[in-house]
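**Student:** Construct all of the structure, not just a fragment, from the sequences and the given hints.
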Amino acid sequence: MNSKEVIAARVAEELKDGDIVNAGIGIPTLVPNFIPADLDVFLHSENGILGVGPTPEDDKIDENIINAGKKPVTVKEGASYFDSASSFAMIRGGHVDVSILGALEVDETGQISNWAVPGKPVLGVGGAMDLLEGSKKIFITITHTTKDGQPKIVKQNKYPLTSLRKADLIITDLAVFKVTDNGLVLSEIFPNSSMQEVKEKTEGAFYIDEKLKST
Amino acid sequence: MNSKEVIAARVAEELKDGDIVNAGIGIPTLVPNFIPADLDVFLHSENGILGVGPTPEDDKIDENIINAGKKPVTVKEGASYFDSASSFAMIRGGHVDVSILGALEVDETGQISNWAVPGKPVLGVGGAMDLLEGSKKIFITITHTTKDGQPKIVKQNKYPLTSLRKADLIITDLAVFKVTDNGLVLSEIFPNSSMQEVKEKTEGAFYIDEKLKST
Amino acid sequence: MDKTIVMTKAVSMIKSGDTLMVGGFGLVGCPLKLIKGMEDTSLKDLTIISNNLGEPGKGLGRLVLQKKVHKGIGSFFTSNPDVVSAYQNKELDIDLMPQGTLAESIRAGGAGIGGFYVKTGYGTKIAEGEEVRYIKGEPYLFQESIRANVALIKAHKADRFGNLIYLKSARNFNPIMATAADLVIAEVDEIVEVGDLSPEEIVTPHLFVDYLVLAGGD
Amino acid sequence: MDKTIVMTKAVSMIKSGDTLMVGGFGLVGCPLKLIKGMEDTSLKDLTIISNNLGEPGKGLGRLVLQKKVHKGIGSFFTSNPDVVSAYQNKELDIDLMPQGTLAESIRAGGAGIGGFYVKTGYGTKIAEGEEVRYIKGEPYLFQESIRANVALIKAHKADRFGNLIYLKSARNFNPIMATAADLVIAEVDEIVEVGDLSPEEIVTPHLFVDYLVLAGGD
Chain A
7 MNSKEVIAAR VAEELKDGDI VNAGIGIPTL VPNFIPADLD VFLHSENGIL GVGPTPEDDK
67 IDENIINAGK KPVTVKEGAS YFDSASSFAM IRGGHVDVSI LGALEVDETG QISNWAVPGK
127 PVLGVGGAMD LLEGSKKIFI TITHTTKDGQ PKIVKQNKYP LTSLRKADLI ITDLAVFKVT
187 DNGLVLSEIF PNSSMQEVKE KTEGAFYIDE KLKST
Chain B
7 MNSKEVIAAR VAEELKDGDI VNAGIGIPTL VPNFIPADLD VFLHSENGIL GVGPTPEDDK
67 IDENIINAGK KPVTVKEGAS YFDSASSFAM IRGGHVDVSI LGALEVDETG QISNWAVPGK
127 PVLGVGGAMD LLEGSKKIFI TITHTTKDGQ PKIVKQNKYP LTSLRKADLI ITDLAVFKVT
187 DNGLVLSEIF PNSSMQEVKE KTEGAFYIDE KLKST
Chain C
438 MDKTIVMTKA VSMIKSGDTL MVGGFGLVGC PLKLIKGMED TSLKDLTIIS NNLGEPGKGL
498 GRLVLQKKVH KGIGSFFTSN PDVVSAYQNK ELDIDLMPQG TLAESIRAGG AGIGGFYVKT
558 GYGTKIAEGE EVRYIKGEPY LFQESIRANV ALIKAHKADR FGNLIYLKSA RNFNPIMATA
618 ADLVIAEVDE IVEVGDLSPE EIVTPHLFVD YLVLAGGD
Chain D
438 MDKTIVMTKA VSMIKSGDTL MVGGFGLVGC PLKLIKGMED TSLKDLTIIS NNLGEPGKGL
498 GRLVLQKKVH KGIGSFFTSN PDVVSAYQNK ELDIDLMPQG TLAESIRAGG AGIGGFYVKT
558 GYGTKIAEGE EVRYIKGEPY LFQESIRANV ALIKAHKADR FGNLIYLKSA RNFNPIMATA
618 ADLVIAEVDE IVEVGDLSPE EIVTPHLFVD YLVLAGGD
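Keeping their order, the protein sequence lines are chains A, B, C and D. Per this note's numbering, the very first residue in the first sequence carries number 7; after that it's consecutive. Per this note's numbering, the very first residue in the second sequence carries number 7; after that it's consecutive. Per this note's numbering, the very first residue in the third sequence carries number 438; after that it's consecutive. Per this note's numbering, the very first residue in the fourth sequence carries number 438; after that it's consecutive.
Since the hints were made in silico from the structure, they are not lab data. It cannot be assumed that every hint is accurate.
Below, a sample of chain D positions facing chain C; criterion: calculated Cβ distance under 7 Å [to be verified]: (1) 550; (2) 572; (3) 638.
In silico lysine-lysine, DSBU-like type, Cα no more than 35 Å apart, as pairs [claimed, not checked]: (4) 10/B / 126/B; (5) 143/B / 562/C; (6) 594/C / 470/D; (7) 142/B / 473/D; (8) 126/A / 452/D; (9) 473/D / 77/A; (10) 470/D / 76/A; (11) 66/A / 76/A; (12) 470/D / 82/B; (13) 22/B / 573/D; (14) 10/B / 153/B; (15) 205/B / 562/C; (16) 562/C / 10/B; (17) 594/C / 77/B; (18) 22/B / 573/C; (19) 153/B / 495/C; (20) 573/D / 470/C.
Backbone N, C-alpha and C define an ideal beta-carbon position, used for all residues, glycine too.
**Tutor:** This is the structure:
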């Protein structure tokens, strides 16, 4: 598995039978590949689908079935289509159990930035703010550092916040952090990493879970 | 024709091809019987039907098809069903061309009262306020006087107003009044009545249409 | 995943003091089996959000007769004389709303809308003391959204995931109430296989529905 | 009553300076024939309300390249670099909204709602200068409803009265835009007999639709 797959596989472990899940673009789109077949997990796409299925083979693409990233998808048995107002009524109304989102940065309180870069024209917000505001749980999937090695988990976000709402869980290619009222708690380090690496590559402050200390 | 049928027949003459019409309980329910067969007039019922058809024979009643007066109805070809929020979105959003409503009183400015009687517990408002507020045109159908001979077209309503919105047309068993910015204009007297009778039985002030003066 | 439960289990999830949304326009589209299940139980002090409170001795009217209803929030209660009597005897509080405002406030409650502005009722007695705001030069009344602890709705068919379709004008308040309560129980005429309902015709997607009860079942 | 007209007649009803709602999520569910009909006309100064402004050289993107669009109101324009350039060259104004707020404000415009309160965006940069109201202790942002002069939508099937059904995820913004403009023109793949669409499956009842244009017709 590459590092994005490591992240996606770990997120999938957090999902429960019956969960309604919205998976954003980027790493989150990989998550469905790792959901165990015996779980009924239902993927919501904000352009108006509940029950998104796998990506179709090239010769089986239906141009009228796309996801919120405008990529061709399929639907599973029991799926439904609805309009955009109904779709966001579901999101804002608290009917989505989990949203899995990417981020440019997460701060040490768990607030995220994923829609705008200062100095560049801001011409897109899409559904990210609604998902952050309305979903029961927010899982953030990020590579631990940017391409040029800068930490993505920071003291304070340079980029504009997407919401005051904090994430619940942050999953990187190195580790897992729980977001608590007191701040971030490192709860898991992946076998390919170490406490030292996580400390070096994380700018924001974090606590260490008791269980992790004893190992 | 009895006096209620006279009123209903006269209202029907005002309807145009393609009109979306909501017909309230009482006299308005008789209106569809007088709509010419060559006109496509679509009846909206606020409990969630567009395309209400005639009352069914007793042995053809479908208990799941009722109108807003909770009476069994049928639907015509091209009808549709929708939920209550969608139905009132149609009404408030200005998508109903004409509402035909009964009234307890109409004042000389064209404002109506049809939902509450002072001194009695007010336990029902239903859809009347929405229809008055949202419909493009309001036709009021009333007998000219109450059962004990009191005028229903009055200087000022004793009963609480249903809306500040004025009616467009008032049709009684004796006459037709147009509602203008200057007040009521008597535009038509039915053959069974006379100018003198209309004057005697109308408390509110009204103008007389030029055409009526010359006849 | 199968959301089907028996009626007694469904009723056991309702608590005294709860606010309930109950679907239907009169008795049409009303979850009569679930209401019957509440009769002769110890449930009391219920607040019922419903367009009407049943008819004399029928539907929600029976719960009113059994003095289980503390308050009714709806648009038209005049058609049930038992409700009028209970109100006059001060056994029942009433909160009366225009039908469109009732429907919209339920939809808003399910859609994460805190409140909204409508013209309906402006300048009338029901607007006394209400907040007015001018938008694009026109006066509107403020209305908060409403939610309930439990919604009891009636649908025609469900699949075991809880996707619902309705029957004719029995749809009415049911789809919006399905969105606006912490616990949603749908009474249905029939439960079909997943896949039997077309994705285009499903009116209430399953994410809104917690449990299913068969109208003709146990 | 038959609402079918030819495309040129439909386009002739749009005026320079108009505010148009245009359905679709990217190109899916976008009325491409009607947009094509607007190309190479004298139409200009249009305000377009749409989730996106097409793709480079496709759909609404072509109208942007022809400098017919004065302003875009939507939620995600980043995917079309031509829109980004036009904005940077100050040829195009942009009004950016969260997608859910965009959808809800269109629905509200069609439903006689003057404005409403959402949590989305509270505390962020897009909320700067916006009105905040606390409802049940939680902060919400005020949002006015929006309407247009003309809505151009895409549906799958219509009957000649104008009842509409949609195809899969091409539904998106189309049903709500059909409610929120003074003039509504639906581009459809097929026109069927009245009665062919089931009353339960009709998504947009005909009272919302003024004219029909066949996607594959003149």
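**Student:** If a hint holds in the structure, say so; if it doesn't, say that too.
**Tutor:** Checked hints:
no. : hint          : result
1   : 550           : holds (5 Å)
2   : 572           : holds (4 Å)
3   : 638           : holds (5 Å)
4   : 10/B / 126/B  : holds (27 Å)
5   : 143/B / 562/C : holds (23 Å)
6   : 594/C / 470/D : violated (38 Å)
7   : 142/B / 473/D : holds (34 Å)
8   : 126/A / 452/D : holds (34 Å)
9   : 473/D / 77/A  : holds (24 Å)
10  : 470/D / 76/A  : holds (20 Å)
11  : 66/A / 76/A   : holds (16 Å)
12  : 470/D / 82/B  : holds (32 Å)
13  : 22/B / 573/D  : violated (47 Å)
14  : 10/B / 153/B  : holds (13 Å)
15  : 205/B / 562/C : holds (31 Å)
16  : 562/C / 10/B  : holds (30 Å)
17  : 594/C / 77/B  : holds (24 Å)
18  : 22/B / 573/C  : holds (31 Å)
19  : 153/B / 495/C : holds (32 Å)
20  : 573/D / 470/C : holds (34 Å)
Checked against the numbered hints listed earlier, the structure breaks hints 6 and 13; every other hint is satisfied.
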